[in-house]
Each structure stands twice: as C-alpha cells, then as structure tokens.
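Q: For the sequence shown, my numbering begins at 64 and goes up steadily by one.
No lab work stands behind these hints, which were simulated from the structure alone.
Some hints here could point you the wrong way.
Claimed, not checked - Quick list of in silico lysine-lysine cross-link-like pairs, DSSO-like style, CA-CA up to 27 Å:
1. LYS305 with LYS225
2. LYS305 with LYS377
3. LYS121 with LYS305
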Amino acid sequence: MGEQVRAARPGHESAAAERPATARLAPEPPGYLQVTGLTRDFGGGGVRDVTFSVQRGKLVTLLGPSGCGKTTTLRCIAGIEVPDSGAVRVGDRTMTNTAQRVQLRPERRDIGMVFQSYALWPHMSVFENVAFPLRMRRERTAAIRPRVEEMLDLVGLAGMGKRRPGQLSGGQQQRVALARALVYRPSLLLLDEPLSNLDAALRDAIRRDIGRLQRELGITAVYVTHDQDEAMMLSDQIIVMKDGSIVQDGTPAELLAAPESLFVARLLGQANVVEGVLAATRSQAMPDGTTARVADVDVATGQGVCRLTARLIKDAAAGDRVSVVWRPGDLVIEPAADAAGTPLAASALNDGALNDGALNDGALAGDVVDVRAGSSLTDYTIDVGTAKIRALRLGRAVTPVGSRVVVSCPADRAICLSD
64 MGEQVRAARP GHESAAAERP ATARLAPEPP GYLQVTGLTR DFGGGGVRDV TFSVQRGKLV
124 TLLGPSGCGK TTTLRCIAGI EVPDSGAVRV GDRTMTNTAQ RVQLRPERRD IGMVFQSYAL
184 WPHMSVFENV AFPLRMRRER TAAIRPRVEE MLDLVGLAGM GKRRPGQLSG GQQQRVALAR
244 ALVYRPSLLL LDEPLSNLDA ALRDAIRRDI GRLQRELGIT AVYVTHDQDE AMMLSDQIIV
304 MKDGSIVQDG TPAELLAAPE SLFVARLLGQ ANVVEGVLAA TRSQAMPDGT TARVADVDVA
364 TGQGVCRLTA RLIKDAAAGD RVSVVWRPGD LVIEPAADAA GTPLAASALN DGALNDGALN
424 DGALAGDVVD VRAGSSLTDY TIDVGTAKIR ALRLGRAVTP VGSRVVVSCP ADRAICLSD
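Work out the full structure, taking the sequences as your base and the hints as a guide.
A: Structure follows, in structure tokens:
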C-alpha cells in the first residue's frame with residue numbers, strides 16, 4: 064500500500080489519501096534529489112521557480128544573504144513548508160507534487176534535519192535525544208543501544224550518553240543534534256545554518272565533523288548558510304540565491320573561476336573591484352596550457368591610465384564600462400622603483416618619482432596604508448588612488464605602512480565582469 068499523503072493545501076487531508084509513494088514526474092529528471100519549479104509566495108518574500116538537482120552522496124549548499132529564500136527552500140524539501148507550486152523528489156519517491164496534489168507529511172519523508180537552534184529535548188539525556196527517532200520508528204529496543212552508541216562515538220561524544228543537553232557546551236549540543244539526525248540513516252540530510260551559534264574555533268571543528276560524516280556515511284545533504292567559507296570548504300556544489308531565485312550554481316572551483324555577476328563574485332569571499340573601460344578583447348595562453356578570452360581594461364589612476372588584463376566572463380564591447388575583480392590571495396606585491404631603479408623609501412611617497420615601470424600593464428601603483436599581521440597571514444591595504452586594494456600574503460609582514468608598492472594579479476586569476 065502507498066504512503067499516506069495530504070493535499071497541498073495545509074491542514075486539509077486529500078479524499079484520495081492513499082497515493083503511490085513512487086509517483087514520478089515525467090520525464091524523470093536527473094539527480095537523487097530533484098527540486099522542480101518550487102514556488103512559495105509570502106507576499107514580498109519566499110521563492111520563485113527554484114529548480115536544481117543533487118547527485119547521490121553529494122553535499123550541495125544553498126548560499127546567499129538573509130531573506131534570499133534558502134531556508135524556505137529547505138523547509139519545502141523537508142515538508143515543513145507547503146509550496147504554492149512545484150515538486151520535490153528523493154530517489155524514486157515523490158515527496159511533493161502540487162500538480163498531483165501530493166504532499167507527504169514531514170515524518171513520512173525519511174529526511175533528517177539539523178536546526179540552527181539544536182532543538183534538543185532538555186529533559187532527556189543525550190542518549191534518549193539521539194534514540195528518539197529510532198523509538199518513533201518503533202525500532203527494537205535491543206537494536207537501539209548499539210546504534211546510538213555507535214553514532215555518539217562517530218560524533219566524538221562517547222561516554223556522554225547520560226548527560227543532559229544543559230550540561231554540554233554549544234559544540235557538544237550541535238554534535239548531539241547531528242547524531243540524532245543521522246542515527247536512522249535518512250535518505251537525505253538537511254542542515255539549516257547549523258554553525259551560526261558557535262564561535263570560530265567550534266565552527267571549524269564541527270564543520271570538519273559534518274564533512275567527515277557526510278563522506279564516510281555517503282549521505283546526500285543540503286546545507287544552508289550565508290558563510291562563504293563554509294560553503295567553499297564543505298560543498299560538492301553551491302547554489303547561489305538572491306531575492307528568492309537561483310542566480311548561479313556550480314562547483315566551488317567553477318564559481319570562483321567564473322562568477323557571472325559582481326553579486327556572486329563578492330558573495331564568494333573578499334573581492335577587490337576596480338572599475339574601468341573595456342579597450343579590447345583577445346585570446347591569450349594561460350599557465351595551464353589552455354587558451355582563454357581576455358579583456359584589456361583601461362583604469363584611470365592618480366598617475367594616469369593603466370591597462371589591466373583579466374579573463375572575460377561574459378561578452379562585452381569596446382567602450383563598455385566593466386569591472387576587474389582581484390582576489391586578495393592572488394595578488395603580487397613588489398616594491399616600486401624610482402627612475403634609477405632604486406626602491407622608493409617612505410619619505411619619497413607621492414613625489415612623482417615613480418617611473419613607467421611601476422605602471423606596466425597589469426599592475427597598479429599605490430601606498431601601503433594598513434598592515435594587519437595574523438598567525439599565518441599578513442593582510443595589506445594598498446591605496447591605489449581610485450580604490451583601496453586588499454592583499455593577503457603568507458607569513459609575517461615584510462612591507463611596512465608607508466611603503467610605495469606595485470600590486471598586480473596574474474591574468475588567469477583576474478576576472479572581468481560587465482555588470
């Protein structure tokens with residue numbers, strides 16, 4: 064007999080309550096998780112026509128600012144939110160299909176969920192919190208203990224089963240929530256901003272745990288965050304959302320190499336943006352042996368016009384206003400030289416002695432105005448006249464504040480965008 068379902072209208076059971084759990088969309092789309100045409104209108108918010116798929120055993124991240132629709136999408140997949148239209152399929156089971164009036168209840172979806180707030184039962188022990196989904200599924204009592212203890216061991220909480228959630232740290236509570244979501248080996252794992260309540264050190268530790276468990280158990284997962292570092296480190300695929308819609312998706316490497324807009328470029332980490340005018344486009348050999356289309360961009364500076372070279376992501380015409388994007392970690396900093404080739408000292412700043420070599424194509428001359436030294440990285444801010452460029456270098460600071468420098472970015476790492 065088929066799974067019990069309810070009508071797409073919340074609070075109303077369908078008269079034809081029994082529908083086959085294997086009902087499918089036609090033609091069958093690819094992907095273990097398939098979300099098709101998902102729309103939920105809150106009157107000024109929600110999501111519109113969201114469509115994507117996730118392959119079995121992969122982790123996809125929904126990335127975007129607050130209010131972009133990523134949590135609404137997750138809640139629709141879980142069955143907590145009922146969409147106005149669209150379909151959700153996991154494996155060969157249809158969870159939601161508004162056209163067919165199929166809406167499986169959340170508890171019938173075999174989906175695990177980890178919430179931002181942990182959502183643990185405070186009156187239950189750690190063991191009973193993790194065992195709860197198994198008891199709800201009427202698992203044999205003899206089978207529950209070894210499965211719970213195995214999961215507690217996997218998340219690093221062996222021996223803590225008798226404690227209450229209030230006796231645990233935030234990181235330990237999040238591990239309990241993760242163990243509870245995974246203990247019955249769900250067909251799909253959903254994680255909604257699970258690290259946002261943790262400090263930096265704990266975020267890093269739990270992020271590693273999530274990545275390790277997801278790979279070891281081969282679980283298909285959807286992860287929601289606004290933190291680009293989490294997305295880049297955890298994901299097989301990133302779906303970037305804005306104003307309720309998907310604006311771009313791809314692997315972390317693909318999105319870093321070819322963001323289709325400044326919004327995506329900035330969302331994926333620190334980005335230096337220098338505006339200019341497109342002078343010409345041409346083909347150029349890249350260090351990896353490929354040939355790419357590049358843009359020559361004229362940028363006005365305090366010393367004149369400098370020409371930068373960057374990979375062209377979208378077609379543009381000569382004379383168009385464009386933006387060149389440099390990532391801080393890709394930049395090269397070199398001392399500026401005077402006409403005799405001698406590095407300029409701090410006392411020579413802004414004296415007009417900078418020679419033409421400091422304004423060679425692909426480089427900008429500027430003054431180091433701030434240096435922040437970390438344990439392994441040094442963060443420089445360089446004022447190039449029309450913008451302040453951020454550059455990251457490994458190791459301790461070797462270029463002090465007040466230095467006159469030339470900063471550049473290899474053409475294969477620089478990006479030219481026309482928006």
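Q: In ascending order, which of the hints set out earlier in this document are inconsistent with the structure?
A: 1
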